[in-house]
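The opening position of the sequence shown corresponds to residue 1 in the working numbering, with each subsequent residue numbered one higher.
Any given hint might turn out to be false.
The following label-pair restraints were derived from C-beta to C-beta distances [said to hold, decoys possible]:
1. D328 x A127: 26 to 36 angstroms
2. R132 x D43: 21 to 31 angstroms
3. A84 x A58: 18 to 28 angstroms
4. A214 x T24: 23 to 33 angstroms
5. T265 x P298: 17 to 27 angstroms
6. R216 x H358: 32 to 42 angstroms
7. R216 x A58: 18 to 28 angstroms
8. H59 x A127: 32 to 42 angstroms
9. T187 x E357: 42 to 52 angstroms
10. T187 x A156: 47 to 57 angstroms
Listed next, the in silico DMTMM-like pairs over lysine to aspartate or glutamate satisfying Cα-Cα at most 25 angstroms (straight line) [said to hold, decoys possible]:
11. K191 x D146
12. K191 x D217
13. K314 x D287
14. K191 x D242
15. K191 x D115
16. K191 x E202
17. K314 x E271
18. K191 x E134
19. K314 x D43
20. K314 x D346
Hints were generated in silico from the structure; no laboratory data involved.
Note that the Cβ used here is the ideal one computed from N, Cα and C, for glycine as well.
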Amino acid sequence: MTPSTAQLISYIAPGAPATRRPATGSEPYVRPEVGFTPRWFHDALGVDFGERWHADPAHRRDAISAMAHELRRRFPRHAIGGVADPDHPVDLLTGAFGACVVPAIYGIPIRYARDMWPACEPQALTAEQTERLEPPDLDANPFFRDLMSQVEWVGAALGRIEGYLNWQGVLNTAYRLRGEAVFTDMTLTPKRAEHLFRCVAETMADAMRRLYAAQRDSGVDVRHVTISNCLVNLVSPGQYRDLLLPLDRWIGAGRPIGIHNCAWTADPYIEHYATIPAIAYIDMGMDSDLASARAAFPHARRAVMYPPTDVAAKSREEIGHDLARIADLYGPCDIVFADIESGVADARVTELFDLCEHVSGEHDAPRG
């Protein structure tokens, strides 16, 4: 990857889990991306995140509009959620079905909640079912057909199909299909695990290709892919290298790729991530060796997943110290303040922006 290659940045749409979107090139040295849990919006506005929110794009449009107005009312100085015009939101895809899209294609039931993201019902495949598994025919898949009907509705209603579905990552989805047995498969029957991983990867790639084609026909050219490796810290670096890295490379081939490592440290996996071409974004926890990560990914937009518990509990001075250290070792970068709950004061959220602005100013000043 070269400096001219487009970067990706963190993006948290109202009511949605964090994903990634293209950078503009004008990001500050330390850029905050702030997001709230569905419960925050449910408590503030009574938004119901049940099945209708995910299945009915017209209903979701109205809810997103209400959420965007609330964010603008409470934080008028800050563009939280990425909605330029709260009366006419254009991204109606991001957040739909949460992290359950690919498991639902495989028939895993979704459990909805009024005040939380949807979850997959625990329904693990047996060893025999796993070995017989094949990627579904998306043309005949009921869930995917309904999903693409939503996409068509958005295109007809708005003229453009903006937004991003959460495809997750191979291991995340394999766990939702096979349960904890996927980890023993990787050690005792790696061929079974490889087969499951390949099915998931092929389904991810096929579904992406179809959605991106529909978006391109509407004038929206989505080029990047995001891989969510939230569970990678449960497998060894060697297992990741041998069983999962080849698929991450295959899914992202020819595209800018964002890696969501998620966990407290990415250190055991950095050398393997660094072999993936065109890494445009990578995030990790604060316990990572941030200086080494910056050296490994000099041209990617880097991000730290700042714990929501620290947002709620730490003092302004402690958070400021954290941000200064991150900027010194890792910047320029995003700080992802995701999953903020309704018990966190609005003043604290405003402080996060003020602290990031202060740290950015300190790093920009010598170059001015």
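Hint check:
Between D328 and A127, the C-beta spacing of about 49 angstroms breaks the proposed range 26 to 36 angstroms. The beta-carbon spacing between R132 and D43, approximately 45 angstroms, falls outside the hinted interval of 21 to 31 angstroms. Hint check: A84 to A58, Cβ distance near 20 angstroms, so the stated range 18 to 28 angstroms holds. Restraint check, A214 to T24: a C-beta distance of roughly 24 angstroms satisfies the suggested window 23 to 33 angstroms.
The hinted range of 17 to 27 angstroms is satisfied by T265 and P298, whose Cβ atoms lie roughly 20 angstroms apart. Between R216 and H358 the CB atoms are about 41 angstroms apart, so this pair conforms to the stated range of 32 to 42 angstroms. The hinted range of 18 to 28 angstroms is satisfied by R216 and A58, whose Cβ atoms lie roughly 24 angstroms apart. Taking the beta carbon of each, H59 and A127 are about 41 angstroms apart, inside 32 to 42 angstroms as hinted.
T187 and E357 have their C-beta atoms about 48 angstroms apart, which keeps the hinted 42 to 52 angstroms range intact. The hinted range of 47 to 57 angstroms is satisfied by T187 and A156, whose Cβ atoms lie roughly 49 angstroms apart. Taken as a hint, the K191 and D146 pair is broken in the structure, with Cα atoms around 33 angstroms apart against an allowance of 25 angstroms. With a C-alpha separation of about 39 angstroms, the suggested pair K191 and D217 falls outside the 25 angstroms cut-off, and the hint is violated.
Simply put, K314 and D287 have alpha-carbon atoms about 16 angstroms apart, close enough for the 25 angstroms limit, and the pair holds. For a cut-off of 25 angstroms, the pair hint linking K191 to D242 stands: about 12 angstroms separates their Cα positions. Of the pairs offered as hints, the one joining K191 and D115 is violated, with about 40 angstroms between alpha carbons and a cut-off of 25 angstroms exceeded. With a C-alpha separation of about 16 angstroms, the suggested pairing of K191 with E202 holds against the 25 angstroms cut-off.
Pair hint K314 plus E271 does not hold up; C-alpha atoms about 32 angstroms apart against a cutoff of 25 angstroms. A hinted pair counts as satisfied when its Cα atoms are at most 25 angstroms apart, and K191 with E134 qualifies at roughly 14 angstroms. Annotation: proposed proximity of K314 to D43 holds, straight-line Cα distance about 23 angstroms (limit 25 angstroms). The straight-line distance between the Cα atoms of K314 and D346 is roughly 15 angstroms, inside the 25 angstroms bound, and the hint therefore holds.
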